[in-house]
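Trainee: Sequence:
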Amino acid sequence: MIKSVEVTPAEVAQQLMISNEPKVALESLIEVLNAKKDIEEAAVEEKDNSIEEEEVTEEMEVERQNSMLAETETRCIYLT
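Residue 79 in the UniProt record's numbering is what sits at position 79 of the sequence shown, and the numbering runs on without skipping anything.
Please note that a few of the clues may not be correct.
Here are the simulated distance ranges between beta carbons [what the hints assert, rightly or not]:
| no. | residue 1 | residue 2 | range |
| --- | --- | --- | --- |
| 1 | Glu53 | Thr8 | 45 to 55 Å |
| 2 | Asn66 | Ala35 | 38 to 48 Å |
| 3 | Lys47 | Leu26 | 30 to 40 Å |
| 4 | Ser19 | Thr57 | 47 to 57 Å |
| 5 | Thr57 | Glu6 | 56 to 66 Å |
| 6 | Glu58 | Met17 | 31 to 41 Å |
| 7 | Ala13 | Asp38 | 13 to 23 Å |
| 8 | Glu63 | Lys36 | 37 to 47 Å |
Source of the hints: derived by calculation from the structure; they are not laboratory data. Ideal placement from N, C-alpha and C gives every residue a C-beta, glycine not left out.
Based on the sequences and whatever the hints tell you, model everything.
Mentor: In structure tokens:
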């Protein structure tokens, strides 16, 4: 779990020094690691969502431009 979550040695040491009871200290460390993992996953998910939103916005802009171009071509036909 430590390899999958970005955590400094100081953070690990801090959690391990919370209690003289090894079980309590390890449980505290596990809680912190799980919390950090959840935060990292949420950040990745948010980034993915923003990328998807940008792609949708870009597609809508292209469709709008194509629509405007088609409308302009239609006007030209009516004028001639």
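Trainee: For every hint, state whether the structure bears it out.
Mentor: Hints, verified against the model:
1. For Glu53 and Thr8, the Cβ-Cβ distance of about 33 Å falls outside the hinted range of 45 to 55 Å, so the restraint is violated.
2. In this structure, Asn66 and Ala35 meet the distance hint of 38 to 48 Å, their C-beta atoms being roughly 47 Å apart.
3. The hinted range of 30 to 40 Å is satisfied by Lys47 and Leu26, whose Cβ atoms lie roughly 32 Å apart.
4. Range check, Ser19 to Thr57: about 50 Å between beta-carbon atoms, so the 47 to 57 Å window is met.
5. Our hint of 56 to 66 Å for Thr57 and Glu6 is violated, since their Cβ atoms are close to 31 Å apart.
6. Separated by about 50 Å at the C-beta atoms, Glu58 and Met17 break the suggested range of 31 to 41 Å.
7. Between Ala13 and Asp38 the Cβ separation comes to about 22 Å, which falls inside the hinted range of 13 to 23 Å.
8. At about 41 Å, the beta-carbon gap between Glu63 and Lys36 stays in the expected band of 37 to 47 Å.
The earlier numbered hints that this structure contradicts are 1, 5, 6.
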